[in-house]
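Heads up: the protein sequence lines correspond to chains A and B, in order. Each residue of the first sequence is one higher than the one before, starting from 1 at the first, in our numbering. Each residue of the second sequence is one higher than the one before, starting from 1 at the first, in our numbering.
What the hints contain is simulated information worked out from the structure, not anything from laboratory work. Among the hints, a few may not be true.
Restricting the straight-line Cα-Cα distance to at most 20 Å, the calculated cross-link-like pairs of lysine to any residue (SDA-like) are [claimed, not checked]:
(1) A:Lys132 to B:Thr254
(2) A:Lys156 to B:Gln230
(3) A:Lys131 to B:Thr252
(4) A:Lys125 to B:Gln230
(5) A:Lys131 to B:Thr254
(6) A:Lys131 to B:Lys253
(7) A:Lys8 to A:Leu193
(8) A:Lys243 to A:Gly270
(9) A:Lys132 to B:Pro288
(10) B:Lys319 to A:Gly150
(11) A:Lys156 to B:Thr252
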Amino acid sequence: MPVINMPKLSDTMTEGTLVRWLKKEGDTVAAGDILAEVETDKATMEMESFDDGVLKETYVKEGGKVGVGQKIALILGDGESADAPAADKPADKAKADAPAPKAGSAPAAAAPAAAAAPASTGRIKASPLAKKIAAERSVSLDGVTGSGPGGRVVAKDVPAADSAPRAGSAPAAAAPAPIKLEKTGGEETRIELSGMRRVIAERLLASKTQIPHFYLSVEVDAAPLMRLRKEVNAANEAAEQPKITVNDFVLLAVARAAQQCPKVNAAWGGDHVMQYGSVNISVAIAVEDGLVTPVIRNAQDLSLREISSAVKDLASRARNKKLKPEEYAGGTITVSNLGSYGIEQFYAIVNPPQAAILAVGAIVKKPVVNAKGELAVGERMNISLSGDHRVVDGAVGAEYITALRKLVENPALMLF
Amino acid sequence: MALIEYRDALNQAFAEEIERDPNVYLIGEEVAEYDGAYKVTRGLWRKYGDKRVMDAPISEAGFIGMAIGSSMLGLRPVIELMFWSFCTVAYDQIINNAGCVRYMSGGLINCPIVIRGPANGGTNVGATHSHTPENWLANIPGLKVVSAATAYDAKGLMKTAIRDNDPVMFMENTLLYGEKGEVPEEEYTIPLGKADIKRAGSDITFIGHGRAALTALEAANRLADEKGIQAEVIDLRSIRPLDEEAILASVTKTHRVVLVDENKPFCGVSAQIATLIQEKIFDELDAPIRRVCTIDAPAIYSPSIEKLQLPTADRIIEKALGIL
Numbered sequence: 001m002p003v004i005n006m007p008k009l010s011d012t013m014t015e016g017t018l019v020r021w022l023k024k025e026g027d028t029v030a031a032g033d034i035l036a037e038v039e040t041d042k043a044t045m046e047m048e049s050f051d052d053g054v055l056k057e058t059y060v061k062e063g064g065k066v067g068v069g070q071k072i073a074l075i076l077g078d079g080e081s082a083d084a085p086a087a088d089k090p091a092d093k094a095k096a097d098a099p100a101p102k103a104g105s106a107p108a109a110a111a112p113a114a115a116a117a118p119a120s121t122g123r124i125k126a127s128p129l130a131k132k133i134a135a136e137r138s139v140s141l142d143g144v145t146g147s148g149p150g151g152r153v154v155a156k157d158v159p160a161a162d163s164a165p166r167a168g169s170a171p172a173a174a175a176p177a178p179i180k181l182e183k184t185g186g187e188e189t190r191i192e193l194s195g196m197r198r199v200i201a202e203r204l205l206a207s208k209t210q211i212p213h214f215y216l217s218v219e220v221d222a223a224p225l226m227r228l229r230k231e232v233n234a235a236n237e238a239a240e241q242p243k244i245t246v247n248d249f250v251l252l253a254v255a256r257a258a259q260q261c262p263k264v265n266a267a268w269g270g271d272h273v274m275q276y277g278s279v280n281i282s283v284a285i286a287v288e289d290g291l292v293t294p295v296i297r298n299a300q301d302l303s304l305r306e307i308s309s310a311v312k313d314l315a316s317r318a319r320n321k322k323l324k325p326e327e328y329a330g331g332t333i334t335v336s337n338l339g340s341y342g343i344e345q346f347y348a349i350v351n352p353p354q355a356a357i358l359a360v361g362a363i364v365k366k367p368v369v370n371a372k373g374e375l376a377v378g379e380r381m382n383i384s385l386s387g388d389h390r391v392v393d394g395a396v397g398a399e400y401i402t403a404l405r406k407l408v409e410n411p412a413l414m415l416f
Numbered sequence: 001m002a003l004i005e006y007r008d009a010l011n012q013a014f015a016e017e018i019e020r021d022p023n024v025y026l027i028g029e030e031v032a033e034y035d036g037a038y039k040v041t042r043g044l045w046r047k048y049g050d051k052r053v054m055d056a057p058i059s060e061a062g063f064i065g066m067a068i069g070s071s072m073l074g075l076r077p078v079i080e081l082m083f084w085s086f087c088t089v090a091y092d093q094i095i096n097n098a099g100c101v102r103y104m105s106g107g108l109i110n111c112p113i114v115i116r117g118p119a120n121g122g123t124n125v126g127a128t129h130s131h132t133p134e135n136w137l138a139n140i141p142g143l144k145v146v147s148a149a150t151a152y153d154a155k156g157l158m159k160t161a162i163r164d165n166d167p168v169m170f171m172e173n174t175l176l177y178g179e180k181g182e183v184p185e186e187e188y189t190i191p192l193g194k195a196d197i198k199r200a201g202s203d204i205t206f207i208g209h210g211r212a213a214l215t216a217l218e219a220a221n222r223l224a225d226e227k228g229i230q231a232e233v234i235d236l237r238s239i240r241p242l243d244e245e246a247i248l249a250s251v252t253k254t255h256r257v258v259l260v261d262e263n264k265p266f267c268g269v270s271a272q273i274a275t276l277i278q279e280k281i282f283d284e285l286d287a288p289i290r291r292v293c294t295i296d297a298p299a300i301y302s303p304s305i306e307k308l309q310l311p312t313a314d315r316i317i318e319k320a321l322g323i324l
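Start from the sequences, fold in the hints, and give me the full structure.
Listed below in structure tokens is the structure:
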């Protein structure tokens, strides 16, 4: 008598929205059939049945949000009965139907005081000991996979101090009772948090409050890169090949520079630093209601063309929410480029557990003093690095950004 | 050290205490001329005579009540119940008279008695002869409850029980009377309220009393041999007073516990231990507390099924693996 629980479809998933049931109560189900579509913090995914039988009951309505591990349906095989689960069905239904109170909710007319409570992200099933140890280490059990019976987080699953987002101090301090929103008198629209928005909020809050950030910035001469890009794209156009973007060049340079200066291609592991042999670039891609950071793996081995087509593919699938969870995992350094929005310079928030993120601005024409001491029209681009100072020191960050600058200013060097 | 049977260890305790203290006497059905239904008192009547070892009629209320009265006047009776199951016919004497007299008399009257006998299932003697009343009795403030699993403990605990100034309910086991164990030649006593760590371990704790402690030990040894899992086994020995310190220290060390109990589960001794653990060291638990009890039904008369009704090593292992 399999009870189907909300599966954990990504590392950071704590709850899922049941977008659509593809089977309805009473339908016959075979293993491999798609039961429903579930929206996680990252993507909408199909949920497959691992059992044969009849879909006896569903406990979540379409659009309902359910914590990972909570019951969503019951499939009965031949001759099985549903006594136990049926008994607690009403409670579960009520739970799934009732929208969880949201943080920062607009004080809509009848909202009781309780609605101002912090958003619940689904209960984490952990042993008392695991919870105690997590509190002692100030680590969060959010997203920790439990190895105990029924997926319970037990003591040995608790992450080492500092390797996971902190639970106690920072979020508690940074997210006290939500600020009560004033009525503006004008039109207001209450937007419920999507899974993605909540994860962005939690992870970036944790990063900015727990990682000692430092920032380095350089203005690089982008003229040689622009000349090369013009040549390359003229050739591409003639051959009816897709164009190479400025960002493709930047990604290539980021990968090559990371090979030259591997100390930035690393992560904080609590009691150690992990330095990575391959450069897996997380590329920040804006999507509706948020952003995702899919990964270009082994970018150090890829050609400009390969990087370019990888980014195009990831971006288009990200916008259609078709990326698989594994495509978000395993990044070692992140690049965020807001140049296409005309942003000249910005500083990004480190994407934990990675040690560095690069923020790339627009290429702008501006007066510069050239090597001969003359005023000239330059094409300039700002690149900044935000580093986790526990892993990367200023001098190491400077070495890296110097290597990156050299490659961008002398793109021919990337041939090697 | 001599290897002697559990029943003979008790016999030695009686003989030594009869010789040590002229106020000590034994009373019960068939304890004198017949040497006791289980030969626990073998030879004592012949050696010490009618005044120290006396047969009683089949009237628990009568002879237990009389013995309690004698204790209030200074004697130290050791009262045998042929089965602890029969304590129910002397419940008023045991609970209201023995259990409450010190409190009711403002501490003026003590009741230094021992009531003893087998309190176990598993011998095909039917539901009315197979009760394990240690939880019923431990529920009464004023009574002490002791349960011995080995010959060594039987002797050491019995001597302490006889010397104790409060009524001590001493649980024995017909399945253990013939079990041999090492007992020192020299005199010794075992304090009440002191558990025995029968096996040290770091992965999980098994806690039991009486024969259940031995079943737990068997399960622990098998887990070590078959799975390399090191279970710590604690024999409570005394249920009231209870060695809370030993229980809490072990579970604090292993973070997991299976309670093994020949009591029925409902309001059984193990239910009390479970409460103790979660109240005092909730944060040390890495898994839910599990219990292996006698299956909740009157003692089953079919011998083959009755065997399975009591806790078995298989059931303990299964529960343990479920939380490891």
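Going down the list of hints, with the structure as the test:
no.	hint	verdict
1	A:Lys132 to B:Thr254	15 Å, holds
2	A:Lys156 to B:Gln230	17 Å, holds
3	A:Lys131 to B:Thr252	15 Å, holds
4	A:Lys125 to B:Gln230	26 Å, violated
5	A:Lys131 to B:Thr254	16 Å, holds
6	A:Lys131 to B:Lys253	17 Å, holds
7	A:Lys8 to A:Leu193	19 Å, holds
8	A:Lys243 to A:Gly270	42 Å, violated
9	A:Lys132 to B:Pro288	15 Å, holds
10	B:Lys319 to A:Gly150	15 Å, holds
11	A:Lys156 to B:Thr252	15 Å, holds
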